[in-house]
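A.B. asks: Chain by chain, the residues:
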Amino acid sequence: MAEPMKLRATLQGDTADVRILIAHPMETGQRKDSSGKIVPLHFIQSVVVTHNGKTVMDGQWSQAIARNPFLGLRVKGAKVGDKIVVTWTDNTGDKRTDEVAVAAGN
Amino acid sequence: MNPIRRKILKLAGGLSALSALSATGLMRAGEAIAAPWNKGGFESKAVDEALKSLGAANMIDSKDVVITAPDIAENGAVVPVAVTSRIPNTQSIAIIAEKNPFPLAATFDIAGGDAYVSTRMKMGQTSNVRAVVKADGKYYTAVKEVKVTIGGCG
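Chains as they are written, first to last, in the working numbering: chain A, 1326 to 1431; chain B, 5 to 158.
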C-alpha cells in the first residue's frame, strides 16, 4: 500500500484545524526523467475527509496540485477524540486511507 | 479504476450505490463515496470551458471570497493557495490557475462544513489565480495575480 499520510487535527475553540500531508509524486505527464523519457501522468484525483463518519470535504484534484500534496481544512463542531479519516485515490486506482483523532489545542 | 467498479458506480445512483457496492464486496461499510472525477473540467484547456464544467454562470465578483497566495511565488512547483469564503451556505470552492495548460486545479465540495481550504499547486507562469465559490446555487468569484519567476509544470 502507498506511504502513510501525515495527519494532524488540533482543536481551536470548537473548530478542528486539520492538516494533511500526502506522499505522492503528482506527475503531470510532462516531465522527462534523466534518460529523456516522459514520466507518465500519475496524480491523486480524489481526496475525501470525514469527521466521525460524516463527509466534510470531497475534493477533486488535477495534476496541477503540487508534489507531496498538502491539504488544510477546518471542521466546525469538533471535540477532542473525534475521528478524522482521509482517503485519497489516484488515476491508477491506487488508494490510501489514514485517520487521526482530534487533539487538544494550546 | 477497476472497470467493474466504474460500471457499478455509473449504474447505481444515490443510496442504492451503497448497497450495490457493499454486495460486491468492493467497498467496506462506512467508506465515504467520492463524486465522480470531473474529467471534462480538469482536461479543459480554456478557462471558460473549465468554468462551464463547474456550471458556473453569472458569476458575481465578491470580496467575501478571499484568496491567500503569495504576490510572488519563489517556486512555481509549490505555490501555497488558500481560499476562505465568508458567503453563507457555501457548497463548494474551485481553484483555477488561468494560464496553466489545464486551468482547473481543484474543486472542493464542503457539504456545509467550514468554507476554507488550503493547498499547494503548480503554476506554469505568472497568472491570475481564480477562486469560484458556489453558495445557495449561485456563483461568486475573486482573482489574485500571482507572479511566478520559475515555472512549475515541466
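Hints were generated in silico from the structure; no laboratory data involved. Be a bit skeptical, because a hint or two may be false.
In silico DSS-like links for lysine-lysine, alpha-carbon gap of 25 Å or less [unchecked claim]:
| # | chain 1 | residue 1 | chain 2 | residue 2 |
| --- | --- | --- | --- | --- |
| 1 | A | Lys-1357 | B | Lys-67 |
| 2 | A | Lys-1331 | A | Lys-1404 |
| 3 | B | Lys-67 | A | Lys-1401 |
| 4 | A | Lys-1401 | B | Lys-151 |
A.B. asks: Against which earlier hints does the structure fall short, listed by number upward?
C.D. replies: Hints 1 and 4 not satisfied by this model.
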